[in-house]
Each structure stands twice: as structure tokens, then as C-alpha cells.
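A.B. asks: Residues per chain are reported as follows:
2 protein chains.
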Amino acid sequence: MSGASRTRILLARRPVGAPVAADFRIETAALPQPGPGEVLVRVLYLSLDPYMRGRMSEAKSYAPPVALGDVMVGETVAEIVQSNVPGFPPGDIVRCHAGWQSHAALPADRLQRVDATVAPVSTALGVLGMPGFSAWVGLDAIGRPQQGETLVVAAATGPVGATVGQVARLRGARCVGIAGGARKCAALIEEFGFAAAIDHRAPDFAPALARACPDGIDVYFENVGGAVFDAVLPLLNRFARVPVCGVVATYNDREADRAGPDRLPALMGAVLRRSLTVQGFINNSFIERYEAFHAEMSAWVRNGDVRTREDIIDGLANAPGAFIGMLEGRNFGKLLIRP
Amino acid sequence: MSGASRTRILLARRPVGAPVAADFRIETAALPQPGPGEVLVRVLYLSLDPYMRGRMSEAKSYAPPVALGDVMVGETVAEIVQSNVPGFPPGDIVRCHAGWQSHAALPADRLQRVDATVAPVSTALGVLGMPGFSAWVGLDAIGRPQQGETLVVAAATGPVGATVGQVARLRGARCVGIAGGARKCAALIEEFGFAAAIDHRAPDFAPALARACPDGIDVYFENVGGAVFDAVLPLLNRFARVPVCGVVATYNDREADRAGPDRLPALMGAVLRRSLTVQGFINNSFIERYEAFHAEMSAWVRNGDVRTREDIIDGLANAPGAFIGMLEGRNFGKLLIRP
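Residue numbers (this note's numbering), protein chains in the order written: chain P, 1 to 339; chain E, 1001 to 1339.
Same shape as in the complex, but just chain P:
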């Protein structure tokens, strides 16, 4: 937060395996001046999300990588502090992709208004934003949980996982959440209404998951990958659906981390024998359903049917450490930076 300067965090080098602090560089520079058709925004909240790990690498993906020396990409909720655009006066709150920085000059067509009367504006980056939409549309388009079915989701106190569990419960499914540690597991039951919570760090994780799913698993919402998937696969019922929204556990993998045994034949055999559907998706492929999502989710958030938890960290300089910790599961709720 500054008067005439802005702080930014740049990609200093591409990580090998897990990102470390030296992969980022912080710099302070003069405030940009908004050009014609632009506004200057001050970032109130920066969203940190696992997909950013992909942007740090050069590997081909659904979006281009961040160039070395560029500001790290990221979605933000921001306040307009200076405006050259009628209809976007200073003081308005908008959602935009300002990235990892305290201020940005942006054209007005890159701004979405945030309605502060629905819920705290930070939720535009969580349950009422990209993570919430990913959860909702992954269930709506692929998972389709039915009354009485069993759904399992991991990283279940995270913004996607917690929303998946609550939406599926509201659709009539029995939801089993997976999280790391007793504190998060307690929150799954008490805050988010999961029917059961399993600690993936427990030595008996796989049998505990099996016990929690006596009727098998009909929907596994995949947002972590790794060892959790191994425990889930044998429990998937015939015609089970696996929306693949993320595989955080593998984002830091290097080639050497891919030692055998080869688990692909077992997966394909299960896909065949049990008529499984494994389907990856990116939320913006379903952008035509966004309004339906926003209407339903806003109502649920307002009336308390869907609850949220935020993990807010002050100071942009703490963003790299918070991001590194998130990839290790250290956040507890939607991770936000308040620059």
C-alpha cells in the first residue's frame, strides 16, 4: 500500500520441482498512469491458486506461460482509484486480472463489477468466483451427483473442495471429504456439512476411506491427484464419474518422480471394466453456464447453505511464501493476499 509507487512480484526464473523464494523477485516502481479508456486500480485481494504453478513452467498448457521478468498472473479484487472511463468512478469495486502487484492500469473492458451487497467482496475470488464456478460446473456438467450417491473430494477445505462438497450435499449426495490434519477434518464436518472426513496423512488412510464409503464412490472430484487417487480408484462404482479439475500433487513433479510401478494399465482396466468416465475440464469452457452458477451460488451463500473459509495474508511480499505453502497444503481455506 503506497502513495506514488507500486509493488510487484515478478517471475525471476522457472522452478525445477517445487517453487522456492528465489524463483520470484519483488520490485517497487512508479505508479502507472491510466491511459485513455483505462482505470488505475488498487488491489484489495490477490487470489493464489494452484494453476499458477503451471504458468511458471514453459510446458504447453491451456494458457501461455508467464514470461521471465513479467509480473506473475493472478485474479484480483480491486478498488478503482483513478478513472478515465465514464461509469467506472473511483471507489467502485471490480474483479480483474491485475496479477501479483499492488496497483495496475487496466482497460475498462477487462473489469467485472463486484456486487458488495451479496457477500464480502473477497468471495468474488472464491465461492462466487473461479474456484466456486469450477466446483459448480464440474458437478453440473460432469460429476452429476444424484440423490443418495457418494461423492469424494480431496483438498476439501480449499475453495474448490469445500464448494464441491456443499453443492453435492445440496443435490442430495453423501459427501466424504479428504484433508490434511485433524483441524481441517473437524472443519469439514462442523463447518461444511460433510458426512465424513478422512485425514490423508493418517497411516490407515486408504482403509479409512474405504470404511467411510461403504457403498463405494459414484463421483470423485479430482483436484489433487497422487496418492489420494490410488486409494479412490478401487472404490469407484460402475458408471462413476471423475471430473478432473486439478492434479496439484503432481504440479511440482520432475521426471525422476515418475518411477514405477506403472499405474496406467490399472486405471484403463478399471475405466473399461467399470464404465468409468474421467473427464478434464477448464471452467471457462462452460462460460455459458456462469450466470446460472452465480445466481444459484449467491442465493446459497446469502442464506448460509454454502459456507466459506478464507486464509488471508497481509503484505504482497508474503505472496511467494504463501503460494509455496499452498502447494504443500499449508493454507486453510481460500488463500488471499491483501497487498
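Be careful, since some hints might not be right.
Computed spacing ranges between beta-carbons, pair by pair [stated by the list, open to error]:
1) ASN303(P) x PRO1207(E): 52 to 62 Å
2) ALA295(P) x ASP1305(E): 47 to 57 Å
3) GLY1181(E) x SER57(P): 20 to 30 Å
4) GLY17(P) x GLY1181(E): 42 to 52 Å
5) GLY69(P) x PRO1234(E): 21 to 31 Å
Which stretches of chain E does chain P cover? Using the computed rule of at least three CB atoms under 8 Å from a CB of chain P, they are [claimed, not checked]:
6) 1038–1045
7) 1151–1161
8) 1295–1307
Calculated directly from the structure, the hints in this document are not laboratory data. Note that CB positions come from ideal geometry on N, CA and C, so glycine has one too.
Since chain P is already given, all that's left is putting chain E on it; use the hints.
C.D. replies: Leaving out everything else, chain E in the frame of chain P:
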């Protein structure tokens, strides 16, 4: 073919890895007498199909295993030779699951009439039967090839693969077939109308496949698994569909054959980044579409739009050897035994 006795092939023991002759036992016994409501049939054609490898193992699957000492299961086209059922007179041709034997007594509700005026009755076990329906419905329900898209299928001279390629071509897709050896590859182009044919035994198989798919792959109809899948995966386009109908290449695998590297993370990463759909299916899950299949396919077969190739072997005693060879890709066309 006998007067008062029947020949049968029993499962003598469960194979470890690839089946061998000693896993089967042939026996001759008295002809059964059809009971009330039953007919006695003489098998004209026994269909040999890769799924039978699964039935020889105890592993849980979508159908129970064959018990040791029981007749091997299998679908057949047969002639009624003795009948206790009005409306099913001797001489009628039916499709039934008589298994690996020359004769069987079966209740009338397990018989389906075969219309010999549409095509040779043996096609009721191929393009107008289970393999044809698997191909058609896998495309109809999952693959959904669109005009101008690229489809790839392996084992492409087999009854499923050849039908997949021809149906997809009739739907407007460009079809690339994979088969073993020059003779089969020539047949793909000349008999079945594929746009390109790739020999999976060629040392440059993967680059050759890539050259044959300059616009990537939109539908990969999976009926083999193994190394073909490794060559296909990098070529799959965003939103590609992978109906999984079989993974023959892995049916004989033992645990020791599953050495690393682990290919699962690469698959799940691709599923996520390219919004792939990998969906297993069993044709009888879609039985409500059978009539639509049969009507469309009968017309195509009659007018020559869909061509078929059969690999017919005489003598039930040759069934084990033919089956073992099929798992190694030695058949050329729909494999049938004429007892």
C-alpha cells in the same frame, strides 16, 4: 459336427499371463436332450473375442468368471435341430450364447432370430452383432466424430476397429487405422476406406502416426491399450474423446509387467490440460440403442458402405489356438470357429 455326441471346450485352469493350450480341455459327451421350453441347437459359428480373456481370470469385472471345468462362454450362431418350442422349428437360425461347444440345449427366451436375408448369418456375430454394436454405440454415445475431425483406431482390421473406421468415415471424419503388418495396412485403405494406415510394428510407428494426423486426434477409439496409447496421447486435441472399449494389450499382463515409468501422471495431466474425456463402456449399457444400430448398420452392410472381413477356422479343437493367436493379433478379420 457329430450325430449323437457333442464336443466342448472347458476351462482347465486359470492362465498366468498369456493363455496356453493346457489352460483348455476338450471333451466329447452325449448330446443333451432339450427339456420343456428348450431347443437343441447345432453351432454353426462360434465367435472368439478378446473379452473372453477376462472371463478366464478370477478378477472382478463386469461379468462373472468362467468356473474351472465349465464350458468356455461365447456367443454363437446356431441352427435349431430339435425343438420343444412352438415357433422355433428345426432349421431356424438363431443367435445364442452356446459357448465353446458343438451343441447346446437352451431355453427359447435365450434365442434371438437371425434374418438370413440381410447378410450372411455369420455377420450376426460381427458387424451386425456385438462387435459392430460396440463400435457403433461407442461412437454414438462417446466418440461423436464430427465432420472433418480425425479419428484413430487400432486393431483396425478387427471387427470392432474396421466398423469404427467405416462408421466414422460415414459420419464425415477422417479415419486413421493402426494394424500389424503391411497386408493388414493395405486392407485398411483398399477394403475399409481408411484415409491412412499405420503399422504399429514399424520402428518409426509413433512419428508415422503423428505425420498421419497433421491436425491432431479428436477421437481415439481405444480397443488395444499399451504402446499404441503412448503414441496417441501426445496427439490428442483439446476436447478429444477416448471411448474405451478394450485394452487387449494388457489382458495378459502380470504384476511384473507393470514396471515403471509411471504413465498415470502424464495421462491425468493431459486429461486436465486438454479437457479430454476418457470413458469406458460396455455395449449392453446402451441396449436401448440396439434397434437404431441394427437398422442403420443393416442398410450400410446391404448397400456396401460398410464392408466386413471374416477369419473362419474349421474345427472346435482349433479354438484355443485361434484364441491365443487373436490375443497376439494373428487373426485378420472377425475370428470365427466353425465347429
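A.B. asks: Each hint should be assessed against the structure and marked as holding or not.
C.D. replies: The hints, checked one at a time:
Separation of ASN303(P) from PRO1207(E) is about 58 Å and conforms to the stated range, judged on CB atoms against 52 to 62 Å. Between ALA295(P) and ASP1305(E) the beta carbons are some 48 Å apart, a value that agrees with the proposed interval 47 to 57 Å. Taken as a hint, the range 20 to 30 Å is violated for the pair GLY1181(E) and SER57(P), whose Cβ atoms sit roughly 41 Å apart. Range check, GLY17(P) to GLY1181(E): Cβ separation about 44 Å, and the 42 to 52 Å hint holds.
Between GLY69(P) and PRO1234(E) the beta carbon distance is about 30 Å. The supplied range of 21 to 31 Å therefore holds. Given a C-beta distance limit of less than 8 Å, the hint that chain P covers the segment 1038–1045 of chain E is violated, as 0 residues qualify and 3 are needed. Restraint check on the segment 1151–1161 of chain E versus chain P: 0 residues with Cβ-Cβ distances below 8 Å, three needed, restraint violated. Coverage of a stretch by a chain is defined here by at least three residues with a beta carbon nearer than 8 Å to that chain's beta carbons; for the segment 1295–1307 of chain E and chain P the count is 0, and the condition is violated.
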